[in-house]
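Visitor: These are the residues of each chain, in order.
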Amino acid sequence: MRAELATVSNGHDVPPDDKPRRDELARFSRSIYDFGDLLVLRQAVAPQFNAAALAKSLDELLERDRQREQDGFPRKIQVGKLVKPGRGRAGKVVVVPTTVEEKLFHDPTVRPAGEGGSSGGTGDGEEGEVIGEQPVREEGEQPGTGPGQGEGENHELESSAYDLGKSLAEKFQLPNLKDKGKKRSFTRYTYDLTDKNRGFGQVLDKKATLRKIVETNIALGNLPDVSDIDPTRFLIAPHDKIYRVLSREKDYEPQAMLFFLRDYSGSMAGKVTDLIVSQHVLIYSWLLYQYGGQAESRFILHDTEAKEVPDFYTYYNSRVAGGTQVSSAYQLVNEIVARENLVKDYNIYVFHGTDGDDWDEGGEKTIPEIQKMLTYVSRVGVTIAEHGQPGSTTVSRYLLGSGLLKDRPELIRMDIMQEDADEARLIEGIKRLIS
Amino acid sequence: MELINQHTKRIMEGCKERARAAGLSFTDESLEYVVTNRDLLELSPKVMIPTLYDYWVHDVEVLREKGKYELYPHNPYETVINTRPPISFYNDNNPDWLNVMIFYHVLAHIDFFQNNLFFRHTWDYDFTGQALSDKRVIAKLRAEKGRWVDYVIEFARGIDNLVDFHGDLADIFTPPEMECSSRLDYYFDLFLQTVKKVSVSDYIKEVERYNDCLKTFGEQGEKNFFREAELRYPELEAHFARSGETQPARTRDLLRFLLDNSEFLARDENIWMRSILEIVRNTSLFFQPQIRTKIMNEGWASYWHERLFLQDDRIKGHEVDFARVHAGVTSMPRVGMNPYALGMRLFSHIEEQADKGRISFAFQRILDADLRKRFDTGVATGQDFIFTVRENLCDYLFLKNNLDQEFMDRHKLFVAGKRLDQQRMVWQYYVKSRKAEEYQQMMLDSLYHPPVITVDQSKGIEGSLYLNHAFEGKQLVREYIANTLLGIEYLWGSPVYLETSEAEVAATSSHAPRQEEPREEDITWQRVQYSMNEKVLSKKKL
Numbered sequence: 000m001r002a003e004l005a006t007v008s009n010g011h012d013v014p015p016d017d018k019p020r021r022d023e024l025a026r027f028s029r030s031i032y033d034f035g036d037l038l039v040l041r042q043a044v045a046p047q048f049n050a051a052a053l054a055k056s057l058d059e060l061l062e063r064d065r066q067r068e069q070d071g072f073p074r075k076i077q078v079g080k081l082v083k084p085g086r087g088r089a090g091k092v093v094v095v096p097t098t099v100e101e102k103l104f105h106d107p108t109v110r111p112a113g114e115g116g117s118s119g120g121t122g123d124g125e126e127g128e129v130i131g132e133q134p135v136r137e138e139g140e141q142p143g144t145g146p147g148q149g150e151g152e153n154h155e156l157e158s159s160a161y162d163l164g165k166s167l168a169e170k171f172q173l174p175n176l177k178d179k180g181k182k183r184s185f186t187r188y189t190y191d192l193t194d195k196n197r198g199f200g201q202v203l204d205k206k207a208t209l210r211k212i213v214e215t216n217i218a219l220g221n222l223p224d225v226s227d228i229d230p231t232r233f234l235i236a237p238h239d240k241i242y243r244v245l246s247r248e249k250d251y252e253p254q255a256m257l258f259f260l261r262d263y264s265g266s267m268a269g270k271v272t273d274l275i276v277s278q279h280v281l282i283y284s285w286l287l288y289q290y291g292g293q294a295e296s297r298f299i300l301h302d303t304e305a306k307e308v309p310d311f312y313t314y315y316n317s318r319v320a321g322g323t324q325v326s327s328a329y330q331l332v333n334e335i336v337a338r339e340n341l342v343k344d345y346n347i348y349v350f351h352g353t354d355g356d357d358w359d360e361g362g363e364k365t366i367p368e369i370q371k372m373l374t375y376v377s378r379v380g381v382t383i384a385e386h387g388q389p390g391s392t393t394v395s396r397y398l399l400g401s402g403l404l405k406d407r408p409e410l411i412r413m414d415i416m417q418e419d420a421d422e423a424r425l426i427e428g429i430k431r432l433i434s
Numbered sequence: 000m001e002l003i004n005q006h007t008k009r010i011m012e013g014c015k016e017r018a019r020a021a022g023l024s025f026t027d028e029s030l031e032y033v034v035t036n037r038d039l040l041e042l043s044p045k046v047m048i049p050t051l052y053d054y055w056v057h058d059v060e061v062l063r064e065k066g067k068y069e070l071y072p073h074n075p076y077e078t079v080i081n082t083r084p085p086i087s088f089y090n091d092n093n094p095d096w097l098n099v100m101i102f103y104h105v106l107a108h109i110d111f112f113q114n115n116l117f118f119r120h121t122w123d124y125d126f127t128g129q130a131l132s133d134k135r136v137i138a139k140l141r142a143e144k145g146r147w148v149d150y151v152i153e154f155a156r157g158i159d160n161l162v163d164f165h166g167d168l169a170d171i172f173t174p175p176e177m178e179c180s181s182r183l184d185y186y187f188d189l190f191l192q193t194v195k196k197v198s199v200s201d202y203i204k205e206v207e208r209y210n211d212c213l214k215t216f217g218e219q220g221e222k223n224f225f226r227e228a229e230l231r232y233p234e235l236e237a238h239f240a241r242s243g244e245t246q247p248a249r250t251r252d253l254l255r256f257l258l259d260n261s262e263f264l265a266r267d268e269n270i271w272m273r274s275i276l277e278i279v280r281n282t283s284l285f286f287q288p289q290i291r292t293k294i295m296n297e298g299w300a301s302y303w304h305e306r307l308f309l310q311d312d313r314i315k316g317h318e319v320d321f322a323r324v325h326a327g328v329t330s331m332p333r334v335g336m337n338p339y340a341l342g343m344r345l346f347s348h349i350e351e352q353a354d355k356g357r358i359s360f361a362f363q364r365i366l367d368a369d370l371r372k373r374f375d376t377g378v379a380t381g382q383d384f385i386f387t388v389r390e391n392l393c394d395y396l397f398l399k400n401n402l403d404q405e406f407m408d409r410h411k412l413f414v415a416g417k418r419l420d421q422q423r424m425v426w427q428y429y430v431k432s433r434k435a436e437e438y439q440q441m442m443l444d445s446l447y448h449p450p451v452i453t454v455d456q457s458k459g460i461e462g463s464l465y466l467n468h469a470f471e472g473k474q475l476v477r478e479y480i481a482n483t484l485l486g487i488e489y490l491w492g493s494p495v496y497l498e499t500s501e502a503e504v505a506a507t508s509s510h511a512p513r514q515e516e517p518r519e520e521d522i523t524w525q526r527v528q529y530s531m532n533e534k535v536l537s538k539k540k541l
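Protein chains in written order, with numbering that gives the first Met the number 0: chain A, 0 to 434; chain B, 0 to 541.
In short, the hints are calculated from the structure, not lab data. Take the hints with a grain of salt, since some may be wrong.
Said to hold, decoys possible - BS3-like mimics (lysine-lysine), calculated; alpha carbons at most 30 Å apart, straight line:
| hint | chain 1 | residue 1 | chain 2 | residue 2 |
| --- | --- | --- | --- | --- |
| 1 | A | Lys270 | A | Lys364 |
| 2 | B | Lys539 | A | Lys306 |
| 3 | B | Lys534 | A | Lys75 |
| 4 | B | Lys204 | A | Lys75 |
| 5 | A | Lys206 | B | Lys399 |
| 6 | B | Lys540 | A | Lys75 |
| 7 | B | Lys540 | A | Lys270 |
| 8 | A | Lys270 | B | Lys417 |
| 9 | B | Lys196 | A | Lys75 |
| 10 | B | Lys534 | A | Lys270 |
| 11 | A | Lys306 | A | Lys240 |
| 12 | A | Lys75 | B | Lys417 |
| 13 | A | Lys195 | A | Lys240 |
| 14 | A | Lys205 | B | Lys540 |
| 15 | B | Lys139 | A | Lys270 |
| 16 | A | Lys364 | A | Lys306 |
What you are looking at is a predicted structure, and each value in this text was computed from that prediction instead of being measured.
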């Protein structure tokens, strides 16, 4: 026993708290089965998926999925469902292959009792007493409700990045891209043999060299008669040789500014939000991949009022329970464009996702905003994910009614899908919006 | 994966001695491994079983946010697995005092695995060994059959929550002398009552006659009894034979049913699929008790690691460190549930109640609060009693039997509710109830509970498979029905029907501003029948 005591090592530290203290209310919807010894006893942190392994396996998995279809079973792998961009660091969109093992099990979201469910609690407080509040408008504070993983336990998926854009790159291109404002210095270069250099280089430019030689010989008086040139008598200085050298060329490309608009009102709950953000994730990650620095993105959320959010993460994870005023979002875009004079330098694209609900029944406010927008944009793409009967939503009704879709098909497109649309349908939708 | 070093192993052996002295019982050998993050990556999709079969879904990030534990009824981050010998996993840079605490925790888990009767079917073999041979079988099949092996695994896993765990347990624990022949069961339970519809007095006469036969003829009693019964009902034998065909003995175990009755699987070219179904079923059964004893198991382990750590003379001077970690694990959250905290407190509560002789009818019938508070017979049998609890109960019974108002009041527990305040646009968390019954109900509702789906071959068309989902106020996740039924159809080889209930939320007009919170009180239930025929899903109302 003494020996054991003596050998007790010098470690005296409590392992550091690996989890930041969260709002105690966030534990509300945590199931008792979420606890595992390894994590709770500080034995380990949840492991991160290995980027290389996932990236390597993706092609294989997709191949397997194609094979499934040939064998007569529906596809099972989804790409682009899980997104965990680091907060505040735009461009960290990471996409991993995901799947679900389907089973028959009870749906916990259908509850006959009202309210937001119940959980356990400890401490003081009379029955009925409110012990805490959480603003509905708070960003990303709805564990498990946002797409992605909601309150993932330290899941930092950055390392598991796979550019979804890569797999989409061949499929799309931004429409109506015009040359505008080439003021920016880009990070993209092409290499070309355009520069000339005397004396050395990669490829001899024969024509230029000959011209130089002739010049030199005239100057030397070695060419008495211009009408009778004997090339064998040329004096050739090494300096006369003109070469082409490989040089870096700046590649000017048109700029694009993309506005992502999303209805995040209460009616958007569930699958609809999932669809819209999934589609926007697809567009966004494709843009990042395909257009790199040339395409900039802005994110706007709206319910009855619109606000701009700083990054995709917030855009992706926010949720409130309010009403819906579609016009507010368009109005905000118009304001931003006017204020920052974006029209001069950018091709502007607007993607709007909604479930089609709008308190503005006839579109009296929205249509004028859209018309204003159509004077400068390259494309407006409206995605409507419907809850119920096809073609019955307010937004689709007034958009069709306004005749804008028919008159300006180059500038505005609408894509209506059902709540149960799948990945393929989303991509189909993108094609429709930007083709 | 490496074994822990000799120094740490010595500490573990010291812990074993002390735990045994305190009354825990477990096998002598145990294996402890140090795992790295990399190991964990490989282990966690395989629920910490190093030898589990390979399956491509393990390589993919699986969407878990929906119905997490319903889909994956086991925790991927266990520290100790229920094998022979038990294997546990550690970090390589834990200080010794922390290891001591974790070792006690692990030993209590091992004690639980090896003594709780819900784990009875896992006692006689080593699951890692079994899994290794299963893995080889699957690898061999994969070499022969290619991707079809993975389809079969997928379809089998799609129904691996529909196994009759409790039925299997009942088989283990039914003593042979309690069993009577299936003919006798049929005669008294079905034939006389439903086929012949005999009067009660005739029925009782028949029972008496049977008892007389047993008394007079002993071993031959049943034979003689039926000789006479057949004289009276010549059709009995034919009825009995027919009942054996139409009534499968076990209707709750879909995997078992498919194994026994699917003509598709019985074909020579498909016989290999059966081994996969067996493997998936056994794996599922292995994990069933674990998920059904989560609160008890963690409570038991926390109870013992606290108690044994504080008595341990080797690690004096680390009480504060311990207190900090221990509190982090076992503190009751302001809102939310913590199986460690709840289970540990409940075990202490039970022990105390038993010590005072309160687990008795004498105590239960006292209504006077003051008398109840002072009730103490001083029998001090608490320690023994919690061992009985550990041996015989699962989470459901543990909560149902022991979560009383005294416990609630003592730990200031309440049911927390969440509601939307429309005016101020905030979610409000509030104290919904402090009644033990409601807290108990809330806890019981949160326990793992797969749907009860039984095979009912009296319905549906000839040759098809008819599944009946018992209504328990919940609907199935609709989007998963199609693919799951597709898999069942494949394994059955003919159309499959599923009868279930679905909630119909009254539709609000799309013109009016939508109610921003789903109006849950508008739910009406509708019985529907899904059918899966040639990979096409259709639905009709019943």
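Visitor: Look at each hint and say if it fits the structure.
Guide: Here is what the structure says about each hint:
1. A:Lys270 x A:Lys364: It holds: about 28 Å lies between the C-alpha atoms, which stays within 30 Å.
2. B:Lys539 x A:Lys306: It is violated: about 45 Å lies between the C-alpha atoms, which goes past 30 Å.
3. B:Lys534 x A:Lys75: holds (15 Å)
4. B:Lys204 x A:Lys75: violated (62 Å)
5. A:Lys206 x B:Lys399: Violated - the C-alpha atoms of Lys399 (chain B) and Lys206 (chain A) are around 97 Å apart, more than 30 Å.
6. B:Lys540 x A:Lys75: Between Lys540 (chain B) and Lys75 (chain A) the Cα gap is close to 29 Å, so the pair holds against 30 Å.
7. B:Lys540 x A:Lys270: Judged against 30 Å, a Cα distance of about 24 Å means the pair holds.
8. A:Lys270 x B:Lys417: The hint holds at about 22 Å.
9. B:Lys196 x A:Lys75: Not OK: Lys196 (chain B) and Lys75 (chain A) at ~53 Å, beyond 30 Å, violated.
10. B:Lys534 x A:Lys270: holds (24 Å)
11. A:Lys306 x A:Lys240: Judged against 30 Å, a Cα distance of about 63 Å means the pair is violated.
12. A:Lys75 x B:Lys417: violated (35 Å)
13. A:Lys195 x A:Lys240: Given pair Lys195 (chain A), Lys240 (chain A) holds - Cα atoms ~10 Å apart, limit 30 Å.
14. A:Lys205 x B:Lys540: Not OK: Lys205 (chain A) and Lys540 (chain B) at ~85 Å, beyond 30 Å, violated.
15. B:Lys139 x A:Lys270: violated (41 Å)
16. A:Lys364 x A:Lys306: Measuring from Cα to Cα gives roughly 17 Å; hence the hint holds.
Of the hints listed earlier, those the structure fails to meet are numbers 2, 4, 5, 9, 11, 12, 14, 15, in rising order.
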